[in-house]
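Same order as they appear, the protein sequences are chains H and L. Anchor point for the first sequence: position 174 equals 174 in our numbering, and the numbering is continuous, going up by one each time. Anchor point for the second sequence: position 119 equals 119 in our numbering, and the numbering is continuous, going up by one each time.
If you're looking for bench data, these hints aren't it; they were derived computationally from the structure. Note that the coordinates shown come from a computational prediction; the quantities given were computed from them, not determined experimentally. Keep in mind that the hints are not guaranteed to be accurate.
[To be verified] Far from chain H, some chain L residues (derived; all Cβ distances over 12 Å):
hint : residue
1    : Gly12
2    : Ala16
3    : Thr20
4    : Lys63
5    : Gln112
6    : Ala115
7    : Ala122
8    : Ser138
9    : Gly139
10   : Ala169
11   : Val197
12   : Thr217
13   : Arg230
14   : Arg232
15   : Ala234
[Unchecked claim] Pulled a few chain H residues facing chain L out of the computed Cβ check, cut under 7 Å:
hint : residue
16   : Asp194
17   : Val198
18   : Lys200
19   : Val201
20   : Leu202
21   : Lys203
22   : Pro216
Built from N, CA and C at the ideal position, the CB exists for glycine as well.
Here are the chains, one letter per residue:
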Amino acid sequence: MHWFHRFKLDSFLYPLLGIGLCLLLWYGVAGKSTVTQTKDDWGDTVTITKRHGLSADLPTPAETWEASRSYVLEPFAKRGELDQGILRFTWLSLVLVAQGYALALLLGVPVGFCLGLSKTFAKMFDPIFQVLRPVSPLAWLPLGMVLFLSAKVEMPGGTAYTASELAAIFTIAICSMWPTVLNTAVGVRAIPQDYLNVAKVLKLSRTKTLFKVLLPATLPYMFTGFRLSLGIAWLVIVAAEMLTGRPGVGGFLWQQYNALSYAHIILCILTIGIVGFILDRMMSLVEARFKTA
Amino acid sequence: MSFLELNNVHKGFGPANARTEVLRDIELRIEEGEFVAIVGYSGAGKTTLISLVAGLIRPDMGKVKLKGVEITEPGPDRGVVFQNYSLLPWLTVFENIQLAVDQVFPKWSEEQKRAHIDKYIATVNLTPAREKKPSELSGGMRQRVSVARALATEPQILLLDEPLGALDALTRATLQDEIVRIWEQDKRTVVMITNDVDEGIMMADRIVPLSAGPNATLGPSVAVNIPRPRDRKAINHDPEYKEVRRQVIGYLLGEGGKQRTAVSRKLILPDLLPEDLSEPRTLYGTKRKPRRRSETKREQVEVEA
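Looking at chain L on its own, in the form it has when it is part of the complex (with noise of 0.2 Å):
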């Protein structure tokens, strides 16, 4: 059994007459202190698929588990590092911390609650800007608050969507050493979600490539060998970084990046059952219409693009 279980996932959105399945076929497993970046083309349904992990949507298929229990509500033992940071507005830095905190840990004295909030401020570096409110932060200080607020509830597993991806590149390349750094402490399991390749190699143990959507499904996993801490510098003659390279991008822009288009067509069979002669005329004319057996069927067609 492993830490985290994505068995045959399914999902799609829209209603019965309009749906795109957006992921098809899942099948992760993710050990414990594992450190795994799901690499895919933007719209691919990333994000959905952290959130069936984080639990805040269901699968239509399928069975997400963490530690053999299926997961069914969002919940504090994953800590989730959103995209667009999700800090609440009116609270200081503190504050927003403290309120993950006060949540998680609600027997915790006053002072060990402070102790353990400065903790994780210290930790992404952000002391100077303890009392500020996420207004006054650059977006790389903001997503470093939004990490420590996901740490600081001490979660089983830590998600990771694009929480570099809205920043520029300078910044990206600190953060993303500081995270590294950071997870190193306590190896605790990360799951990253990016759309940039290096970035996977820099900081994950494994690479999952996700094909291109709709349809969505995961590809074959790298493992990214290359020993810690990994150098920046040096790392693009890396003969091992090249590989690695080689294969999720080969696999992105073959197998994976074909779109498949999946075409939802109506097909009106011409099953008519005969008049209803009984039904009885009015002054707006008849209410007989053709009928037919099954109004509607579906089929399922996918089309090679």
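Only chain H is shown next, with the shape it has when bound in the complex (with noise of 0.2 Å):
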């Protein structure tokens, strides 16, 4: 076994060995089917397709390749709105979760610094966020579209958003929130009172203590709730995207489900997953770069 070893193959072959498994697995539960040819009354020929298995509406691996294979061998094309190519959902939902993202980022960090510095106005919202923060974007959603039922904000650039637009945006940012939000808190007051000794002799004034000692010393923390927060962001983004009907991940996933198009439900799934490690790795590269501060 030892070129097993050296050559690392074990961290290689067996996540694929875990994935083979797995495709055995779901191939052992999804439905078969058998084509059988059978002539009638008059003699033509009929072609019965019969499912059947433990789930006989689940499509195998093979299927589902087979199903999927447009959306993937061609990740771009656009043939309707809601018949494009895998990977331009994925960009159509990454544009809508990078928003809404900013907006949780834009509130959370200062709301982050309230909450840590100052006891009155922890004392006055900690109950409020703790309130809200379980609630499931499945509930946010409705109250978004009420909140922007009428509103259409034109941007500078000549994009205008709809009202589902911002309703979807609105949900994204009050849910990936709070992870920022109590990791920027839990951040600042973790800050040592060495360093705040050190901005009190120097008499450092309070923007510069903020800047200087107060937001370097709190990154490290401010990161991991980011990762957190992007993390649920993605997560949001098929909720939001399968009630507004908007073109994407979650829309296309939707609108397949209604089709019955079960195989495309699966594409959904995977590409959801995939993305969402992709981003979770990118995330935590970021912050191990501040780690070490």
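Make one complex out of these two single chains by using the hints.
Next up, the structure:
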């Protein structure tokens, strides 16, 4: 087994083995079709496809691939509003997530700082945050729809946001900001007294203390919050797109469910999972850079 | 009027019902240009004492005065070297000092500031480590940065809070010599806190022992009249050295070493008031309870341990 460890094959082969086992399990559960050809009373050939198995309507891995082929092999094709290549859908979703996430960070960091710095602020708002935090995106979205019902925001660039877009962005922002808020607050509270003493002895002004001492000292905690927030923002996208019917991975998933094309649902699930994984990896790389501080 | 004066300073911590008096009746006078070492037990309140001078905390009673002006808040005229270096880990050596210099000399040109910072980095022999982060430096080097940062603000008085406490014995000796060398360049007033009597004798003009806490107070100060530069190897046989050491240790182990345990007891005095009959009875029983004129009284008892 010497060569096995030498080429680090274990870190490569074992995951493959795991994936293989899961595919096998999937295949076992999935329905298989048997095709029988009979002649009817008029002598025409009739093909009858029968599904059977543990979950008769669940497509097998091979069928899933066959059905998703065009979406994966032409990832940027646009055939219709809700019939686009999978990466094109992903891109649309990512753009929406980025807007909501940016809003979450812009709101979350200052709120987190207030929460960490002021005991009064914490006493006032912490209970409210704790109550709002576990509310599901499915619950926020209708409220967002109501809030922005008649709103139409024209951006200077010429892009306009519709009510459903605003509602989606609002939902993503309000669901994903809590980890940033709470981690920033924890980070601010965890600043060693020594650093604050340095600021006091040097008589740094309030703004200077904030930017030269508080902010850099909190940065590692903040990035942990950012990473968790990004995970949630991506989680919310499906719910947001499902309910608003926007084109995107989630919207596509919902449409395909209504069209009873189950293979595409699996394609969407896998895409969401892989994209989420990549986003998390990227954020933890950024996070690791700030951990050393 | 002395340069630095502490008059009848008291300081305690904790809420009123469980208060620990840390320092009591601190009287200290330090002249300009003097190097004073305050030697005492760990936990006696040495850091509290230096924080009082730095202005990070205010005394409960008494006054701390620098050049006759009462100290009410921290300020860069008192350079503090903290026990645990207190360098900002995301800044390089240069930037750590720059933060202080920018603050104290805002009107200087960039050139002037850079030359000033580089001068102090050179003073503590850290020029090669100029662009390094504190995490890349050894304990001794970090402490030197901390000293350089304090010096670069050109304070009127330098406060060293166990500056060498976290270092190994050899690094300690080198840094002791280095601090004395830097001090001799411009004879700034220095107050150093230490728990090492020998360190005090090696470096200071005068040693003030601090008795064991709680309720610590300063003992009689002992002048160190050993000529400088003091030779680390020969000093052990110096009769003056032996005498100073005997006096300081004598105080610390004798009179100053006695643990004065202050016990706060609640004394409940029998001063019951007559029951208030106008108070109605309720469903849950009566609200009438014995009331006392003064629920509690306190008494401070000093016990010799």
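Hint by hint, here is what the structure shows:
With 12 Å as the threshold on Cβ separation, the claim that L:Gly12 sits away from chain H holds: the shortest Cβ distance comes to roughly 19 Å. Even its closest Cβ contact with chain H, about 21 Å, leaves L:Ala16 beyond 12 Å, as expected for a residue assigned away from the interface. L:Thr20, annotated as away from the interface, keeps every beta carbon of chain H farther than 12 Å; the closest lies near 19 Å. Every Cβ of chain H is farther than 12 Å from the Cβ of L:Lys63; the closest lies at roughly 20 Å, confirming the non-interface assignment.
A cut-off of 12 Å between C-beta atoms confirms that L:Gln112 is not in contact with chain H; the least separation is 19 Å. Here L:Ala115 stays apart from chain H, with its beta-carbon at least about 20 Å from theirs, past the 12 Å limit. At roughly 22 Å, the least C-beta separation between L:Ala122 and chain H is larger than 12 Å, which holds for a residue marked as non-interface. Non-interface status of L:Ser138 relative to chain H is upheld: no Cβ of that chain comes within 12 Å, the nearest being about 17 Å off.
At the 12 Å boundary, the C-beta of L:Gly139 stays outside the reach of chain H, the nearest C-beta of that chain being 15 Å off. Under the 12 Å C-beta cut-off, the non-interface status given to L:Ala169 relative to chain H holds; the minimum distance is some 25 Å. For L:Val197, the condition that its CB be more than 12 Å from all CB atoms of chain H holds, with the nearest at approximately 27 Å. L:Thr217, annotated as away from the interface, keeps every beta carbon of chain H farther than 12 Å; the closest lies near 25 Å.
Separation of L:Arg230 from chain H is adequate, the least Cβ-Cβ distance of about 30 Å exceeding the 12 Å criterion. At roughly 31 Å from the closest C-beta of chain H, the C-beta of L:Arg232 stays outside 12 Å, upholding its exclusion from the interface. Residue-level check passed: L:Ala234 sits 38 Å from the nearest beta carbon of chain H, beyond 12 Å. Residue-level restraint check for H:Asp194 holds (minimum Cβ-Cβ distance to chain L is 4 Å; threshold 7 Å).
For H:Val198, the interface hint holds, since its Cβ comes within 7 Å of a Cβ in chain L; the closest pair sits about 5 Å apart. A least Cβ separation of about 5 Å between H:Lys200 and chain L falls short of the 7 Å threshold, and the interface hint therefore holds. A distance limit of 7 Å between C-beta atoms decides the matter here; for H:Val201 the minimum to chain L is near 5 Å, and the interface restraint holds. Because the smallest distance between the Cβ of H:Leu202 and any Cβ of chain L comes to about 5 Å, under 7 Å, the interface hint for this residue holds.
Against a cut-off of 7 Å between C-beta atoms, the interface hint on H:Lys203 holds, since the closest Cβ of chain L lies about 6 Å away. For H:Pro216, the shortest C-beta to C-beta distance to chain L is roughly 5 Å, which falls under 7 Å, so the interface hint holds.
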